[in-house]
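Residue numbers (this note's numbering), protein chains in the order written: chain A, 36 to 533; chain B, 48 to 290.
Hints in this document: simulated from the structure, not taken from any laboratory.
On a predicted model such as this, the values are computed, not experimentally measured, just so you know.
Each residue gets a CB set at the ideal place from its N, CA and C atoms; glycine is no exception.
Please note that a few of the clues may not be correct.
What the hints assert, rightly or not - Cβ pair distances, simulated, as ranges:
| hint | chain 1 | residue 1 | chain 2 | residue 2 | range |
| --- | --- | --- | --- | --- | --- |
| 1 | A | P217 | B | D122 | 30 to 36 Å |
| 2 | B | G168 | A | T290 | 50 to 56 Å |
| 3 | A | T290 | B | D220 | 37 to 43 Å |
| 4 | B | C221 | A | N402 | 39 to 45 Å |
| 5 | A | P140 | B | T109 | 50 to 56 Å |
| 6 | A | N350 | B | E271 | 21 to 27 Å |
To be verified - Simulated crosslink set (SDA-like; lysine to any residue; CA at most 25 Å straight-line):
| hint | chain 1 | residue 1 | chain 2 | residue 2 |
| --- | --- | --- | --- | --- |
| 7 | A | K532 | A | N390 |
| 8 | B | K170 | B | T109 |
| 9 | A | K304 | B | Y270 |
| 10 | B | K86 | A | Q316 |
| 11 | A | K304 | B | Q240 |
| 12 | B | K244 | A | G328 |
| 13 | A | K304 | B | V275 |
| 14 | B | K86 | A | G315 |
| 15 | B | K244 | A | Q316 |
| 16 | A | K304 | B | K86 |
| 17 | B | K244 | A | P330 |
| 18 | B | K170 | B | Y270 |
| 19 | A | K304 | B | T242 |
| 20 | A | K304 | B | K170 |
| 21 | B | K244 | A | D267 |
| 22 | B | K244 | A | T276 |
| 23 | B | K244 | A | F270 |
Unchecked claim - Sample of chain A residues lacking proximity to chain B, with all beta carbon distances greater than 12 Å (derived):
| hint | residue |
| --- | --- |
| 24 | M170 |
| 25 | N265 |
| 26 | Y306 |
| 27 | T329 |
| 28 | T333 |
| 29 | N377 |
| 30 | M427 |
| 31 | Y531 |
Spelled out, the chains give:
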Amino acid sequence: MKRIVLRYISLPVLLIALLTGCYKDKGNYTYHDINEITVILPGLKHHQDTILNHGDTLRLTPEIIQTMAQHENALKFEWGIFENSGANLAAPPAVIANTRNLEVPLTEPNFSLGGEYRLTLKVTDTITRVSAFAMINLKVLNRFSQGWIFLEDLPGGGDFSMLLPNGTLVHNVYSSLNPGIPMGNGKPVKIDLTTFNVDDGMGPYTQKIFLCNENSGVELDFQKMTRMWNFDMLFFNPPATIQPLTLNWFSAAGTTWGSLGVFIDKNGKVYSAMAGGFPGQKKFGAILLTPEGTPDYTATRYVLHARNYPFIYDNQQQRFYIVGNAALTGFPANASTVADLNNVGMELMYMDKANVEYTFNAVLKDNTNTPHLLRLQSVTSSPEVTVFIQPMNAPDIIHHTAMVSSAVSPHIFYGVGNQLYRHETTSNTTVPVFTFPAGEELIFLKFGPGNTMAAATWNGTESKVYLFKISLMGEMENGTYSEVHGGFGRIVDIAYKQ
Amino acid sequence: MKTLSIHILYSTLLLLAFAGCKKSEKLMYREDPRVYFSKYATNPDSVIYSFAIQPDNRMSDTVYLTMRIMGTATDYDREIGLAIADTSTAVRGYHFDLGDLVMPANQYETRIPVVLYRKPGLKDSLVTIDFTVVESKDFKPGYDDIPSTIYKKTRLQYKVVLNDYLLKPTRWDCCLASYLGTYSEVKFRFVIQTTGKTDWDDALGTTPGIMSYVSQAVRLALYEYEQVNGPLIDENGEQVTFP
Numbered sequence: 036m037k038r039i040v041l042r043y044i045s046l047p048v049l050l051i052a053l054l055t056g057c058y059k060d061k062g063n064y065t066y067h068d069i070n071e072i073t074v075i076l077p078g079l080k081h082h083q084d085t086i087l088n089h090g091d092t093l094r095l096t097p098e099i100i101q102t103m104a105q106h107e108n109a110l111k112f113e114w115g116i117f118e119n120s121g122a123n124l125a126a127p128p129a130v131i132a133n134t135r136n137l138e139v140p141l142t143e144p145n146f147s148l149g150g151e152y153r154l155t156l157k158v159t160d161t162i163t164r165v166s167a168f169a170m171i172n173l174k175v176l177n178r179f180s181q182g183w184i185f186l187e188d189l190p191g192g193g194d195f196s197m198l199l200p201n202g203t204l205v206h207n208v209y210s211s212l213n214p215g216i217p218m219g220n221g222k223p224v225k226i227d228l229t230t231f232n233v234d235d236g237m238g239p240y241t242q243k244i245f246l247c248n249e250n251s252g253v254e255l256d257f258q259k260m261t262r263m264w265n266f267d268m269l270f271f272n273p274p275a276t277i278q279p280l281t282l283n284w285f286s287a288a289g290t291t292w293g294s295l296g297v298f299i300d301k302n303g304k305v306y307s308a309m310a311g312g313f314p315g316q317k318k319f320g321a322i323l324l325t326p327e328g329t330p331d332y333t334a335t336r337y338v339l340h341a342r343n344y345p346f347i348y349d350n351q352q353q354r355f356y357i358v359g360n361a362a363l364t365g366f367p368a369n370a371s372t373v374a375d376l377n378n379v380g381m382e383l384m385y386m387d388k389a390n391v392e393y394t395f396n397a398v399l400k401d402n403t404n405t406p407h408l409l410r411l412q413s414v415t416s417s418p419e420v421t422v423f424i425q426p427m428n429a430p431d432i433i434h435h436t437a438m439v440s441s442a443v444s445p446h447i448f449y450g451v452g453n454q455l456y457r458h459e460t461t462s463n464t465t466v467p468v469f470t471f472p473a474g475e476e477l478i479f480l481k482f483g484p485g486n487t488m489a490a491a492t493w494n495g496t497e498s499k500v501y502l503f504k505i506s507l508m509g510e511m512e513n514g515t516y517s518e519v520h521g522g523f524g525r526i527v528d529i530a531y532k533q
Numbered sequence: 048m049k050t051l052s053i054h055i056l057y058s059t060l061l062l063l064a065f066a067g068c069k070k071s072e073k074l075m076y077r078e079d080p081r082v083y084f085s086k087y088a089t090n091p092d093s094v095i096y097s098f099a100i101q102p103d104n105r106m107s108d109t110v111y112l113t114m115r116i117m118g119t120a121t122d123y124d125r126e127i128g129l130a131i132a133d134t135s136t137a138v139r140g141y142h143f144d145l146g147d148l149v150m151p152a153n154q155y156e157t158r159i160p161v162v163l164y165r166k167p168g169l170k171d172s173l174v175t176i177d178f179t180v181v182e183s184k185d186f187k188p189g190y191d192d193i194p195s196t197i198y199k200k201t202r203l204q205y206k207v208v209l210n211d212y213l214l215k216p217t218r219w220d221c222c223l224a225s226y227l228g229t230y231s232e233v234k235f236r237f238v239i240q241t242t243g244k245t246d247w248d249d250a251l252g253t254t255p256g257i258m259s260y261v262s263q264a265v266r267l268a269l270y271e272y273e274q275v276n277g278p279l280i281d282e283n284g285e286q287v288t289f290p
């Protein structure tokens with residue numbers, strides 16, 4: 036019997052077992068439809084940044100499409116986030132809710148100011164165990180990402196207010212975002228913003244915002260508006276005293292990044308910093324010398340951007356300089372036919388962009404106090420920089436208390452006391468356009484988006500801001516302002532953040 | 048006898064049946080572990096070290112030989128073979144000492160310290176240390192060079208040049224002259240004294256941002272010097288200027 040089992044049963048079984056490995060699977064299966072899920076977050080697109088305000092509540096009602104609707108009660112929800120800024124990708128994802136709809140405050144510990152996150156919704160059919168996903172990218176900023184900024188000199192130190200695009204005016208923005216950290220040493224002087232990113236190796240590659248004070252300066256995080264560091268950090272070898280008039284970054288025509296920083300101090304001395312995509316430190320160095328190799332100059336606070344270089348005006352030598360990464364240089368002889376840019380012989384009162392791209396208005400006065408308008412240009416077709424120079428028919432402009440050049444129409448607006456004037460550069464005529472209430476002195480003018488002009492006044496105790504809508508022809512809409520806001524300390528500078 | 052044959056047959060069939068269950072070894076290429084000098088813009092073929100750009104009280108300093116391996120890292124330290132060629136004029140133990148010739152466990156690259164000593168004779172002469180990668184019990188020499196006629200570098204030799212007098216940086220003409228102008232020893236010493244920089248042959252130490260600062264600083268320092276002392280004249284009788 037044993038031999039029969041061995042010979043006639045075991046051997047065939049073993050042979051069959053060996054040969055089964057040669058069997059080709061013909062895949063004869065039966066497939067069944069399962070519940071398929073699609074998740075949509077209405078109004079939001081996958082992988083597209085959605086900017087939200089820190090402190091707000093995020094409410095999302097997902098739309099869930101199922102091929103078998105009877106599974107509705109079998110769905111399981113999981114809302115998760117993880118940091119998506121690239122700075123901390125190793126951080127573990129966090130589950131913030133398991134509800135069908137999301138309602139979560141954008142606050143710590145899940146959401147930090149300035150944080151970038153990927154929010155995912157995972158919907159799982161617990162019967163089939165099949166999941167579907169939706170995801171969006173979130174940037175949690177504060178509500179101060181855009182709007183007018185009014186730099187103020189307050190009894191307790193410098194601060195700024197913001198007028199937001201929705202019309203909300205918020206005072207004490209700096210001190211509320213930087214509690215216990217004074218803006219700086221001395222009175223506030225100027226606020227400088229870039230409209231382009233700067234790769235200076237200091238902080239993130241973003242736009243820049245600098246606050247200049249009499250005896251210090253501070254750089255803010257552009258998104259959060261929180262203090263990052265003092266200006267000392269921006270120098271290879273910081274000067275003994277930091278007394279900034281301006282910290283201005285230049286971006287060449289056709290580029291979208293800053294390449295040369297220009298720092299001018301209270302004594303009119305200029306420092307520069309070269310930036311770009313190269314490695315290593317990119318900081319401000321030593322005082323730049325003139326083409327004659329001396330530091331004998333007094334630059335004004337105005338830094339204008341020609342196509343390929345920034346340039347400044349020196350009220351001591353009464354001439355222009357191109358700012359370089361190693362020194363100040365003069366203009367070549369063929370750059371000017373109507374005035375010697377290296378020896379203008381007048382005192383600069385104001386200069387800024389004019390109404391044609393890469394043209395500039397410089398308002399000067401000669402030694403008889405006669406105002407002159409020097410029009411400059413920076414064009415690729417000609418080395419000629421000067422366009423014309425002419426005495427200005429502009430009453431009392433040498434006593435101006437505020438001035439601004441329009442980048443849209445051929446006009447310069449200026450204030451004397453409580454009177455606002457508009458000078459037309461093409462016809463060389465000036466007309467009064469608005470009178471502020473008695474007792475209010477016009478102290479600052481600035482153009483913003485939509486050709487809106489902000490005018491700041493001071494009555495001895497309070498600044499007010501008037502917003503005027505100016506047409507493309509330079510006309511004041513309805514002959515008056517569209518908005519007025521009060522409650523400011525003395526405004527020393529105005530900028531628009533966007 | 049017949050029973051024995053059946054047993055042999057069964058055993059053979061069983062062995063055949065289980066032979067397919069054995070996990071085959073992955074077919075991997077195994078190369079000899081090798082080691083070579085890692086040479087890029089930041090650590091080129093040689094380093095010229097001068098104590099002249101250091102403070103007077105600095106009597107020793109360290110430069111590093113960066114070495115990389117070919118093949119995979121191991122979980123134990125391995126010995127690197129380095130020979131000092133007969134062409135060397137520096138004396139080990141007098142002009143220099145060498146750190147441990149070891150590739151640490153789980154590492155693909157290491158920096159071997161070469162401690163340099165400031166000796167009186169270096170004031171008027173230079174000495175060299177010519178290193179060559181040789182076979183050790185753990186490594187064979189790595190590859191010899193990049194087969195390019197433009198950018199050819201041997202990766203089996205490395206030279207350290209040591210002196211105590213100012214030597215024109217090898218990168219002056221290519222990379223520093225546009226900021227500092229024509230080389231002179233007086234000018235170079237003035238630049239060093241003004242900026243405190245010593246890493247003139249390091250590309251990362253002479254980036255455009257840093258050299259812009261150097262250019263600004265030396266111009267201002269020269270202006271201040273001339274206000275007090277008059278023109279600065281170099282060893283060739285030329286007035287020191289910067290472009």
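Pairwise hint evaluation, A:Q316 against B:K244, where the allowed Cα distance is 25 Å at most: holds (14 Å)
Between B:K86 and A:Q316, is the straight-line Cα distance small enough, at 25 Å or below? holds (23 Å)
Would you mind confirming whether the straight-line C-alpha gap from A:K532 to A:N390 stays at or under 25 Å? Since the Cα atoms of A:K532 and A:N390 sit roughly 21 Å apart, the hinted pair holds (cutoff 25 Å).
Restraint status (C-alpha distance of A:K304 to B:Q240 at most 25 Å): Satisfied, since the Cα-Cα distance of roughly 24 Å is no more than 25 Å.
Beyond 12 Å on every Cβ pair: is that true for A:N265 relative to chain B? Fine: 19 Å to the nearest Cβ keeps A:N265 off the interface.
Are B:K244 and A:T276 close enough, with their CA atoms no more than 25 Å apart? holds (24 Å)
For the range 39 to 45 Å, tell me whether the beta carbons of B:C221 and A:N402 fit it or not. 50 Å Cβ-Cβ, so the 39 to 45 Å window is violated.
Compute the least Cβ-Cβ separation between A:T333 and chain B, then decide whether it is above 12 Å. Non-interface label on A:T333 holds, nearest chain B Cβ at 17 Å vs cutoff 12 Å.
Straight-line alpha-carbon gap A:K304 to B:T242, limit 25 Å: holds (20 Å)
So A:N377 supposedly isn't at the interface. Is its beta-carbon more than 12 Å from every beta-carbon in chain B? Nearest chain B Cβ is 19 Å from A:N377, so the label holds.
Do the alpha carbons of A:K304 and B:V275 lie within 25 Å of each other, as the hint requires? It holds: about 21 Å lies between the C-alpha atoms, which stays within 25 Å.
When you take the CB atoms of A:N350 and B:E271, is the distance between them in 21 to 27 Å? At roughly 24 Å between Cβ atoms, B:E271 and A:N350 fall inside 21 to 27 Å, so the hint holds.
Hints 1, 3, 4, 16, 18, 20, 26, 27, counting from the list given before, are not met by this structure.
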